[in-house]
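S.K.: Residues per chain, in single letters:
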Amino acid sequence: MILTPEVLAILILNAIFMLFATVVFVLSVKIYLNWDINCTSKAQYKLEKQSFLAATIIKYIFVLKIPLFLFFIFTLDKISNLLTGAMCAAGVVDATEYGTNLIILKIINLYLFASWLKLHSEDMKDKNQPYTKPKFGLFILLFFSFMVEIILEGIMFGSIEIDKMVSCCGSIYSSSASSAVSGIFSLETTTVLTLFYGNYLLIVLFYFFKKRYLFAVANMFFIVVAIVALILFFGTYIYELPSHHCPFCFLQRDYYYVGYLIYGMLFTGTFYGFVVGFINKSDINYQISLLINSVYVIFVTLFVVIYYMKNGVLL
Amino acid sequence: MIELKNITKIYEVNKNNMVTALNNINLTIKEGELVVLKGASGSGKSTILSLIAAISKPTSGEVIVGTNRASKLPDNFASDFRRDNIGFVFQKYNLIPTLSAKDNIILPLVPLNLDVKEIEDKLEMVLRMFHIEHKANQLVKNLSGGEQQRVAIARANINNPKIILADEPTANLDEKLSLHFIEMLKELKRDGKTIIVATHDPLFFDLDIVDRVVEIHQGVLA
Ligand SMILES: Nc1ncnc2c1ncn2[C@@H]1O[C@H](COP(=O)(O)OP(=O)(O)O)[C@@H](O)[C@H]1O
Ligand SMILES: [Mg+2]
Chain U
764 MILTPEVLAI LILNAIFMLF ATVVFVLSVK IYLNWDINCT SKAQYKLEKQ
814 SFLAATIIKY IFVLKIPLFL FFIFTLDKIS NLLTGAMCAA GVVDATEYGT
864 NLIILKIINL YLFASWLKLH SEDMKDKNQP YTKPKFGLFI LLFFSFMVEI
914 ILEGIMFGSI EIDKMVSCCG SIYSSSASSA VSGIFSLETT TVLTLFYGNY
964 LLIVLFYFFK KRYLFAVANM FFIVVAIVAL ILFFGTYIYE LPSHHCPFCF
1014 LQRDYYYVGY LIYGMLFTGT FYGFVVGFIN KSDINYQISL LINSVYVIFV
1064 TLFVVIYYMK NGVLL
Chain Y
6 MIELKNITKI YEVNKNNMVT ALNNINLTIK EGELVVLKGA SGSGKSTILS
56 LIAAISKPTS GEVIVGTNRA SKLPDNFASD FRRDNIGFVF QKYNLIPTLS
106 AKDNIILPLV PLNLDVKEIE DKLEMVLRMF HIEHKANQLV KNLSGGEQQR
156 VAIARANINN PKIILADEPT ANLDEKLSLH FIEMLKELKR DGKTIIVATH
206 DPLFFDLDIV DRVVEIHQGV LA
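As given, the protein sequences belong to chains U and Y, one line each in that order.
Here this note's numbering = 1-based position in the first sequence + 763.
Here this note's numbering = 1-based position in the second sequence + 5.
It should be emphasised that the hints constitute simulated quantities derived from the structure, not laboratory data.
On a predicted model such as this, the values are computed, not experimentally measured, just so you know.
Please note: incorrect hints may appear among the correct ones.
Which residues of chain U face chain Y? A few of them, derived with a C-beta cut under 7 Å, are [claimed, not checked]:
1. 805
2. 808
3. 890
Straight-line C-alpha distance at most 27 Å; calculated DSSO-like pairs for lysine-lysine [to be verified]:
4. Y:167 to U:888
5. U:890 to Y:20
6. U:805 to Y:20
7. Y:198 to U:812
8. U:809 to Y:20
9. U:805 to Y:10
Using N, Cα and C, we set each Cβ at its ideal position, and we do this for glycine too.
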């Protein structure tokens, strides 16, 4: 059990989220089952008001969740000072069997919340509100996923033991590790880079041929491929150390918090890729996605190019 | 055409305090008609006007204004609907005292992003129509009651709406000014506007420009 002020803040906020999300969940079920925009009954007018209330609460939760995700990473980083052996957030994530899953689930939930908001904004553009039923259906799913996240987060902080020795990122993210991530290191760098740039080219291709579903799927793969490429290859150029593969250290001040920019771009660019596939295939969404993904690719590539120009060799 | 179908409006102040302002009302008003809504204070007149203007939603039933289902419009659409279709004249005018008459009148045009020429044309038209040109640059707080009333009507007409809703328009006016107001109504009626005047002022009940007097008692039409 670990209870720093940061952890306490997170747990209290989670309790508040749970309360409000439950309220919205109840409303969502009612709306999902009974919504009929053409009906002029008392019940329907009431649902219309409640749908505004529910949407407002969801918006607030999402607006808080974005900085809270960064705060979560920051908290892990901070806790790493207390754990023997940990140098950065990676050690804390690895300290329990829940850490990695929790981060993945948090990211998935952010995508789901963002999708919800996008769907909501489409809904509000039409006076017949065609997406009200689907959007509250989505929230019903989102609610369960969100509750699992909150419970998992509680369990994770509950099961971190201060006096237990944990690994540092140098050993977790290395080819000799036996953890789940070590599989990454059995991949050839050239293969991963081919996949990375190939995947990016596919995104460009689907952009020009306006294939919305393929565009979305390519974006989905791109998140995974880009993170693997980051751990295996690009990260080492950010650290300028051939053996340092950690996907967390560059979130620290030593690296000018560049990780927040990198992940921010990756998540935003690919999110708009999903939007194109599943919500709205307007040109602007295509363009935002392609633009941010392109900047991402150029940005991480620049680390390699600059290293080469400075040193005349690659790592 | 304006249609109210089976409209009930209950103000739920709290669980133990519910006010039934309108009880299952049906009312149809044709285009170009001038209808006087007659009733004592608290009978539900303002509530009817606010439903037609999509300022509030009924508890049940439907309001249709032209091609719009006013009672079904989400808030963001309701304000556009109001701006494009409805001119509202309030009892207390609801003018901004520290702005000039001119600025008050063109206020509804702000969100439309019109160019200066267009705004001036519209302004000039309503200034002339309601005889307020000579006071255009004065602050509203320095105008008399009758002049403020004309500014309020000019503002209600700046978007050239098809429908004019007036809520107790003569409550603060003496008889002479009330007659002035009726002159302006004639003008609007000639213009083909649909007009609803909510009032208990007897002055309105047997005017020849009034097509119909609808009586309301405690939320029920007589
Ligand atoms: N916002 C409100 N909350 C609670 N009760 C209201 C509200 N607005 C109006 N009422 C009540 O509804 C009834 C009708 O009011 P209203 O439509 O303003 O009548 P009128 O305009 O004919 O004087 C009155 O009993 C009034 O007290
Ligand atoms: Mg009133």
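S.K.: Look at each hint and say if it fits the structure.
M.R.: Here is how each hint holds up against the structure:
1. Satisfaction of the interface hint for residue 805 of chain U is found here, the shortest Cβ-Cβ separation to chain Y being roughly 4 Å, below the 7 Å cut-off.
2. Interface restraint check: residue 808 of chain U against chain Y, minimum CB-CB distance 6 Å, threshold 7 Å, status holds.
3. Interface restraint check: residue 890 of chain U against chain Y, minimum CB-CB distance 5 Å, threshold 7 Å, status holds.
4. This hinted pair checks out: residue 167 of chain Y and residue 888 of chain U have alpha carbons roughly 25 Å apart, not beyond 27 Å.
5. Distance hint between residue 890 of chain U and residue 20 of chain Y is unfulfilled; the C-alpha atoms sit about 31 Å from each other, more than 27 Å.
6. A distance of roughly 16 Å separates the Cα atoms of residue 805 of chain U and residue 20 of chain Y; the hinted pair therefore holds under the 27 Å criterion.
7. With a C-alpha separation of about 32 Å, the suggested pair residue 198 of chain Y and residue 812 of chain U falls outside the 27 Å cut-off, and the hint is violated.
8. Only pairs whose Cα atoms come within 27 Å are accepted, and residue 809 of chain U paired with residue 20 of chain Y is accepted, the gap being roughly 15 Å.
9. Note on residue 805 of chain U and residue 10 of chain Y: the hinted pairing holds, with a Cα-Cα distance of about 13 Å set against a maximum of 27 Å.
Going through the hint list in order, the structure does not satisfy hints 5 and 7.
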